[in-house]
Amino acid sequence: MSRRTALRIGPSWWLMSLPLLTFLILPLAAILLQSRPGEIVANLATPTASRAIALSLKTSLITVTLTVILGTPLALVLARRDFPLRRTIETLIDLPMVLPPAVAGVALLIAFGRNGFIGEYFGLQIPFTQAAVVMAQVFVAAPLFIRSAIVGISKVRDELIESALLDGATTWQTLRFVALPIARPAFIGGAVLTWARALGEFGATIIFAGNFPGRTQTMPLAIYLGFEMNLDVAIALSVILMTTSFLVLVLVRYLMNA
Amino acid sequence: MGVDSAYSGSEYTSMRSSIWILIVCGLLAGCDFRKSATPPTPDNQAKLTVFAAASLTNAFTEIADAFETTNPSVQVILHFAGSQQLAQQIKLGAPADVFASANRLQMQTAIESGRIKGGTPHAFAHNKLSAIIPPSNPANLHTIEDLAKPGLLIVLADIGVPIGHYTHSFLDRAALLIEDSYKENVLANVASYEQNVQAVLTKVSLGEADAGIVYTSDLTGNPSVLPVNIPDPLNLNTVYPIATLSDSSYPEIAQAFTVYVRSHEGQRILAKHGFISEDPA
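Same order as they appear, the protein sequences are chains B and D. Per this note's numbering: the first sequence = residues 1 to 258. Per this note's numbering: the second sequence = residues 1001 to 1281.
Simulated from the structure, these hints should not be mistaken for laboratory data. Model, not experiment: these values are computed from the prediction. Each hint should be verified, as a subset may be incorrect.
Claimed, not checked - Quick partial rundown of chain B residues pointing at chain D, CB under 7 Å, derived from the structure: (1) Ala-111; (2) Asn-115; (3) Phe-117; (4) Pro-127; (5) Gly-210; (6) Phe-212; (7) Leu-225; (8) Asn-257.
Even glycine gets a Cβ: it sits at the ideal position worked out from N, Cα and C.
In isolation and in its complexed conformation, chain D is listed as follows (with noise of 0.2 Å):
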């Protein structure tokens, strides 16, 4: 295209600058930063590549360092996102050594692609869900009913992420045990279907939706949203299943560090960011 000879001096400097901001930008994007303020690892360090549900972000950071802290052989490296992104990235072969995710569906997809051996993943925490709503509270929501109003702004998690497979499931429940058409005016609410649950946290924590529905353990330390509670009989129990990959580089310590997980400590950890343990005491 025509971008040679005509850049006058304004504009080959206006060029420049924005080039500027180019560098600054990879630059930014570049760096690790948790990364950086560590000290560089030997080359003898193990590299565990861990992949976890995005909604495990907080609660597996925490046991990966507790897990370092024991273990200061091992690097922990943790790699986030939806569950069903990660086992289609299993699936295609990303290298990884032990797949946490947030619902059987996905890890099902992970043994099927034969990465995981069937019968090995372990449960090793639960969650529940709950409607969510800004502090403002603009659409007057006060109980799980109120979702059905006509003229509501809800945003969801797409059918595809396990919450919004969860969602649904919840939905169909409250169309048995409240009203018939309860699951058919909560969706013609529906303003957007979000590719995560963080998406549906952060729309409805500037106020943009009215509510949403997230897991309870996304509300621990999180005062920028209001709970709505949806009452036991309507919940779900949500089951986070753990494997080891069977091509894993480090098959022990891929081993060690699901033990660990399920072990009294990993449940603390867990319990802490508002998962319900494994196995209550």
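Looking at chain B on its own, in the form it has when it is part of the complex (with noise of 0.2 Å):
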């Protein structure tokens, strides 16, 4: 995509962009300048820190390469077949995101608790472990990467596809040596936002996994509860958190760009 326009912008512009600008920095600065380094190195050192980092990567590592796994065939249906009801599916799939967070965490109580649904018929317990954590990120961050992977898919034209047909290539080489590497850009920016929704997810977790110290407290829970106990570890996860995340968006800029 071209990154200017040819439309000239000029000193009006910036200054009424200014207050959302300012707006939007000011509370990641405020929380920059309410931290100090050397107590931020001390508080990550504590146990409820430590555990909930590496939680938090494992969790979201694990949802981002499931996401992959099982949402690129998903994407390739819908973006590639007019059946009916496709519409409705794809508006279905985005009903998670906007979802207020809660209510997706009763959701997913009701149907895979141990009354619900799936829990009834195979006695499975799943809320309060790690597979409801990865559960809670999959249900609320997966659409953006089935979004934004459909999106790449559509980018593909027509005529290469059936060209590399003409050719002899088979479905499979088709999509793997000409789909998705025009669609990767897509695909990576649908991953990476799904791996930072999945990092930065509350309300399911904590409603659909329950918060347990090492096994269920990822960084945002920790953060929330370390608010009203220990307010300075909750701001050195909060400025860890800040940092990966801003870290891997800079990462993927450069990777999509390159």
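Both chains come to you apart, so use the hints to assemble them.
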């Protein structure tokens, strides 16, 4: 995509863009200014912080992996096939993104709890486990990947696919060597958005997976409860979460432009 | 990101529908149904902001209505959350006129912030603890000793929440009076430390947990869970203090509200919701 428009954007536009820019950056700056680097390091060494960071990294990476593996076929189907109810399915997939996370948590609990549809028939204990943390993250974050992947695949022109098939490529080869390379930036972008959303997931997790240090207490949960118990640990974790997210976003921009 | 011209017609349509869903959700979240039901308030009406512990939700809603009826020039704005959250909000400068806490510890935090004068809080209600089980009682629990059986799923409130703090005091006491290993065994069964008492109630009433510990007042008018009694020698007498904020815009009304809560009428409403009166007659 082109990075610059041909329109002349003068100083008055800069002036008008300042209020929102300031509003978006100020809270981030406030939390950085509130923190002391020495204290952050000390607080990170606490078991609460280190366990929450490890758990968050582990679960969010599993979430991204699962989403890419299971979301790619779904995105392919939705992007390439016109079948009845396609639009309805697409809209339903978007729904978890716009639902309040607490609603998502209650929905997961009712569907996958031990008295829910699944739990009652298979006798599985899912709530309060790490599997529940991953499920909550996939539920709210996977739509971001699917949506982005659909857009990416739609960008692949039909003629390209047709000529590859005419030249004797199998469906798998066409996807692997023609379609996916073109859609790659959208796939990476979608995966990163999913990862970022998973890392910040709070509402669905605390309802469906509960809060137990080392088992289901991710960084956002530790931050929320820490706000009430120990503000310093909460701020230290917030700074880590912000820095990690920032670095990953920078890395992705670099990868996508490369 | 690449969301520029890539939208084909159908994607545009589904994007539009997502936007509609967003708008509807936004509208629902933005509406305050209680407010929209009352006529618009005249400008000269005093708006009294009351910060109250989550466990007081039903009782204080009724007390606020009664107070407004007696004082038509006052509108009471209630803000319920965990006391620890309210105390932090007061510390960080949130505008409030009255603070009703579920324990003395969080009132102390508010006093240390300098916005409440030490010595001014008054106890206005008491509560006790009760264990709860789902009506189906999947783990077949009957006494408080049963909570120490291995392999249970128990949910407790986090120790930062007043009820969580009280729960730990109860477990300490039970370790002395029942068995040394009681606290350890119960804690080994804990599946989750919830952020408020409501979350404990919800998980037990859905049957996702075998048991939890809440306030006895939470059981009033709540048929979705069954109590498992905690005998008096093991139980605690929890105290709810109330105080006015020294920087209140309506110090007289704030004072009148705290007096009303402690009055005969206020105490009657609290008792109706399962609280123990401050001054049992």
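| Hint check, Leu-225(B) versus chain D [nearest Cβ-Cβ separation less than 7 Å] | holds (6 Å)
| Closest C-beta approach of Phe-212(B) to chain D relative to 7 Å, hint status | holds (5 Å)
| request: Against chain D, run the beta carbon of Asn-257(B) and see if the smallest gap drops under 7 Å. | output: At 12 Å from the nearest chain D Cβ, Asn-257(B) fails the 7 Å test, so the hint is violated.
| said: Quick check on the hint: Asn-115(B) CB to chain D CB, less than 7 Å? | reply: For Asn-115(B), the interface hint holds, since the closest Cβ of chain D sits about 4 Å away, which is under 7 Å.
| query | For the hint on Pro-127(B), does the least C-beta distance to chain D fall short of 7 Å? | reply | Status holds, d = 5 Å.
| query | Per the CB criterion, is Gly-210(B) less than 7 Å away from chain D? | reply | holds (3 Å)
| request: Under 7 Å, Cβ to Cβ, is where Phe-117(B) needs to be relative to chain D, so tell me if that hint holds or is violated. | output: Because about 13 Å separates Phe-117(B) from the closest Cβ in chain D, which is outside the 7 Å limit, the hint is violated.
| query | Going by Cβ atoms only, is Ala-111(B) closer than 7 Å to chain D? | reply | violated (12 Å)
Hints 1, 3, 8, counting from the list given before, are not met by this structure.
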